[in-house]
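In terms of the numbering used here, the sequence shown opens at residue 812 and continues consecutively.
I should point out that these hints are in silico values taken from the structure, not numbers from a laboratory. A portion of the hints provided could be inaccurate.
Pairs of lysine-lysine, BS3-like flavour, derived with a Cα cap of 25 Å [what the hints assert, rightly or not]:
hint, residue 1, residue 2
1, Lys859, Lys875
2, Lys853, Lys877
3, Lys859, Lys877
4, Lys875, Lys855
5, Lys870, Lys859
6, Lys855, Lys870
7, Lys855, Lys877
8, Lys875, Lys853
Because the structure is a prediction, the values reported are computed rather than measured.
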Amino acid sequence: MTLPRSCSFRSQQTNCNLPPNYILSLEDDDNNEYMIGAVCDKHKEAVKARIQALQANSKIPSGKIKFNPVVILGTNCLKIPNEEYENF
Numbered sequence: 812m813t814l815p816r817s818c819s820f821r822s823q824q825t826n827c828n829l830p831p832n833y834i835l836s837l838e839d840d841d842n843n844e845y846m847i848g849a850v851c852d853k854h855k856e857a858v859k860a861r862i863q864a865l866q867a868n869s870k871i872p873s874g875k876i877k878f879n880p881v882v883i884l885g886t887n888c889l890k891i892p893n894e895e896y897e898n899f
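My request is simple: use the sequences and hints to build the entire structure.
Listed below in structure tokens is the structure:
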């Protein structure tokens, strides 16, 4: 999955340019989880407060707010010819 290059926080028509540190998601009562943004350390609490306010006003569904740390994962790509890949 490709993440946004910067934090989802926006204040007074100014976007945050910091890279995201957390995936922000909501988990509903049926244990379905929905990604709603990516935030940096600096704006984590402000975004949480905003989501809670939106939930209190029934603007977005209620549910558990989850912040999962972004984990950077690197791999060595395998380059296999198509013929070998089909039999892999």
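Review point. Against the structure shown, which of the earlier numbered hints fail to hold, in ascending order?
Key: Structure breaks no hint.
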